[in-house]
Amino acid sequence: MAVAEPLVPRTAGQSLPAIKTRALTKKYGDFTAVNKLDLQVKQGEVFGLLGPNGAGKTTTILMLLGLSEPTSGTARVLDMDPARDPIAVKRRVGYLPDAVGFYGAMTGRQNLRYTARLNGINRKAADAHIDELLERVGLTNASNQRVDTYSRGMKQRLGLADVMVKRPSIIILDEPTTAIDPAGVEEVLALIRELANDGAAVLLASHLLHQVQQVCDEVGIFVSGKLVASGAMDKLSSSLGTGPIEIEVAAPPPADGVKAAALKVNGVTSVEKDPRDSRMWLVKAKRDVRADLARALVEAGHPPYHLRRVGDELDEIYRRYFANYSPEEATPA
Amino acid sequence: MTAESISLSQAGAAARGRKRKNIRHEPAYQSAPSSKAESAPKAARPAGVPAGWRVIAAKELADNLSSIRFVVLTIILTLVAAGAVFASAGQLKSVAPNATGVNSLFLYLFFYQPQGAVVPTFVTFIALLAPLLGIAFGFDGVNGERSAGTLPRLVSQPIYRDDVINGKFVAGLATISVIFVAIVAVVGAIGVLQLGILPNLDEVLRLVVWVVLAVIYVGLWLAFALLCSVLFRGAATSAIVALAAWLVLTLFSGLLVGLVAGVVSPVGDGTADEVIANAVTKRNLSLITPSRLFTEATQATLDPSIQTLDINAAVAVNNEAQALPSILSLEQSLLVVWPQFVGLIALTSGAFAVAYVSFMRQEVRA
Chain A
7 MAVAEPLVPR TAGQSLPAIK TRALTKKYGD FTAVNKLDLQ VKQGEVFGLL
57 GPNGAGKTTT ILMLLGLSEP TSGTARVLDM DPARDPIAVK RRVGYLPDAV
107 GFYGAMTGRQ NLRYTARLNG INRKAADAHI DELLERVGLT NASNQRVDTY
157 SRGMKQRLGL ADVMVKRPSI IILDEPTTAI DPAGVEEVLA LIRELANDGA
207 AVLLASHLLH QVQQVCDEVG IFVSGKLVAS GAMDKLSSSL GTGPIEIEVA
257 APPPADGVKA AALKVNGVTS VEKDPRDSRM WLVKAKRDVR ADLARALVEA
307 GHPPYHLRRV GDELDEIYRR YFANYSPEEA TPA
Chain B
15 MTAESISLSQ AGAAARGRKR KNIRHEPAYQ SAPSSKAESA PKAARPAGVP
65 AGWRVIAAKE LADNLSSIRF VVLTIILTLV AAGAVFASAG QLKSVAPNAT
115 GVNSLFLYLF FYQPQGAVVP TFVTFIALLA PLLGIAFGFD GVNGERSAGT
165 LPRLVSQPIY RDDVINGKFV AGLATISVIF VAIVAVVGAI GVLQLGILPN
215 LDEVLRLVVW VVLAVIYVGL WLAFALLCSV LFRGAATSAI VALAAWLVLT
265 LFSGLLVGLV AGVVSPVGDG TADEVIANAV TKRNLSLITP SRLFTEATQA
315 TLDPSIQTLD INAAVAVNNE AQALPSILSL EQSLLVVWPQ FVGLIALTSG
365 AFAVAYVSFM RQEVRA
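Sequence order for the protein chains is A and B.
Taking the working numbering, the leading residue of the first sequence gets 7, the next gets one more, and so forth.
Taking the working numbering, the leading residue of the second sequence gets 15, the next gets one more, and so forth.
It is worth saying that the hints were derived from the structure and are not from the lab.
Wrong hints could be hidden among the right ones.
[What the hints assert, rightly or not] Some chain B residues judged to face chain A by a derived CB distance under 10 Å, without partners named: (1) G104; (2) E159; (3) S170; (4) I173; (5) Y174; (6) D176; (7) D177; (8) E377; (9) R379.
[Unchecked claim] Some chain A residues flagged as far from chain B (calculated, every beta-carbon gap over 10 Å): (10) N125; (11) E141; (12) L197; (13) P259; (14) R296.
If you're wondering where the values come from, they're calculated on a predicted model, not measured in any experiment.
Glycine included, every Cβ here is placed at the ideal spot set by N, Cα and C.
Work out the full structure: start from the sequences and follow the hints.
Now the structure itself:
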């Protein structure tokens with residue numbers, strides 16, 4: 007049954023949200039770890055739950071898996087209640103925990119077999135599937151080595167294979183890119199994208215916005231137990247309103263001409279030499295004026311060969327929300 | 015230890031009440047999301063799929079049996095046991111010709127200690143050292159999974175949370191049973207060779223009962239070590255606490271009991287009544303230690319001539335029926351040890367229950 011099937015079987019009722027929480031709350035004594043969370047993850051999408059450490063991401067995940075009971079509010083996972091029916095939920099949800107570990111004395115393949123047995127998959131079906139998964143995460147050659155000998159990145163990839171053993175409809179990944187090198191991050195992200203393309207819903211919790219933004223269809227910004235913003239990446243940044251932005255420009259001289267042309271653009275507030283790089287101009291504007299600026303410079307005979315917004319949307323998002331933590335970096339009014 | 019987690023364990027118990035077995039259905043990953051009404055039976059595992067605790071127990075047993083601690087402990091215990099039995103056998107051979115009318119001579123191997131012997135008997139050694147087996151296979155049961163980062167992965171599989179601790183306990187008991195059967199077989203073989211007599215059916219049955227008893231006794235220490243592994247995050251801390259308890263309860267308890275008994279029932283003039291009162295106090299005090307329960311149960315199980323474990327009764331029997339040494343059948347011996355047997359089972363179940371509840375109440379995250 008294993009080989010011919012698609013890796014992630016599509017389920018009936020695609021319209022149902024894979025994950026939906028309503029006013030989900032978890033309190034530990036006086037401390038509110040998760041505060042009235044309303045979250046929705048659609049089938050086949052990658053949702054990035056982004057927030058600093060200690061924002062309540064892992065607590066939320068544990069509630070979605072039925073491993074922790076909500077103080078109030080409800081969670082529905084594939085229209086099941088994880089608090090009441092955790093086994094059924096866990097059968098269909100693959101979870102890669104933060105700092106995932108394996109039994110070091112066992113080989114990678116043995117670890118995956120154990121997971122298969124815990125899921126009640128018979129040995130024959132499991133073995134074929136495990137071979138396929140090991141191939142997919144690039145661990146075929148290392149599959150018969152003890153996990154002790156694996157690097158952090160290899161363990162993370164083994165973790166992704168482990169999550170896939172049960173052919174989940176939903177995949178929950180907690181900090182999948184932490185503590186691995188950049189090449190490893192790229193590999194892991196590519197794998198995650200693949201998994202989503204196979205039809206699974208992916209909930210990706212991370213504090214590394216830059217790394218995960220490229221694979222997320224939607225993101226939710228999660229700070230201090232609250233979802234402060236959510237939506238598609240582009241909408242999210244536009245919803246942030248028009249804060250002052252900075253643009254780096256480099257264009258052929260004469261310098262005065264460049265400065266004059268840039269200043270004429272509607273919205274530009276100042277144009278100065280970049281103190282860090284004398285070849286660059288630093289343009290400050292009230293809105294994103296990149297298109298207008300480029301046009302103006304071309305028309306003025308200074309076609310720019312470099313034009314970049316300093317700090318992209320994500321930096322903006324980070325500053326806006328995460329930085330609330332540190333008082334000296336107060337959000338601009 | 016929050017109120018939520020208590021309710022979680024209650025919910026787990028309720029779900030358990032719904033029975034896992036009888037309900038059949040297709041593996042969930044092939045079926046469409048079900049309505050709420052259907053979702054409750056889904057808590058059951060598909061027919062023909064082993065329960066979670068069995069899968070965990072099988073893996074843990076394999077781990078245990080291939081571990082270095084298993085090899086080391088088996089070798090040490092076998093050597094110690096063989097040494098003790100060699101000593102007993104040597105003594106037995108010299109007195110055996112005089113021991114006419116002694117039944118179950120074979121079993122004397124295990125507990126016979128002649129006057130002035132230096133080497134403790136087999137059963138003394140076991141009462142002293144066997145708890146180490148329980149500690150060795152339990153002290154890093156839960157905290158080991160935590161520090162390796164495997165616990166969240168394990169409990170996020172479609173199993174009940176208690177499958178983890180149940181599976182580990184069962185695997186530990188199985189490992190201990192394997193070791194005991196091996197040791198008794200080796201020791202029995204030595205006895206057969208040394209004494210030149212074969213055990214009869216009654217003696218074999220008594221040994222089987224004794225092995226069950228020993229597994230329960232070591233199971234108590236296994237449960238206690240598992241409790242330590244739940245309560246303490248560091249495996250070293252857990253091991254040290256368990257070992258400290260072992261030292262206090264098996265080695266030092268005799269001293270403490272002697273001191274307390276000396277105060278409560280002093281032996282002033284050395285009259286018979288005073289001596290008996292002192293002995294009774296000592297025994298009653300030491301009965302709270304599992305090693306004493308096990309030792310007494312061992313005596314009456316292996317030695318068919320022991321008719322009572324109560325000192326006053328023993329004195330009375332001795333006075334009135336001195337000349338009539340009688341031999342009890344296995345059933346009668348079991349009646350004699352029944353309180354000790356039940357006491358050990360109760361202690362072991364109690365220790366496991368505490369470990370179980372502490373584990374169920376704990377948060378999964380490290």
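When the structure is checked against the list of hints, which entries are broken? Sort them ascending.
1, 6, 10
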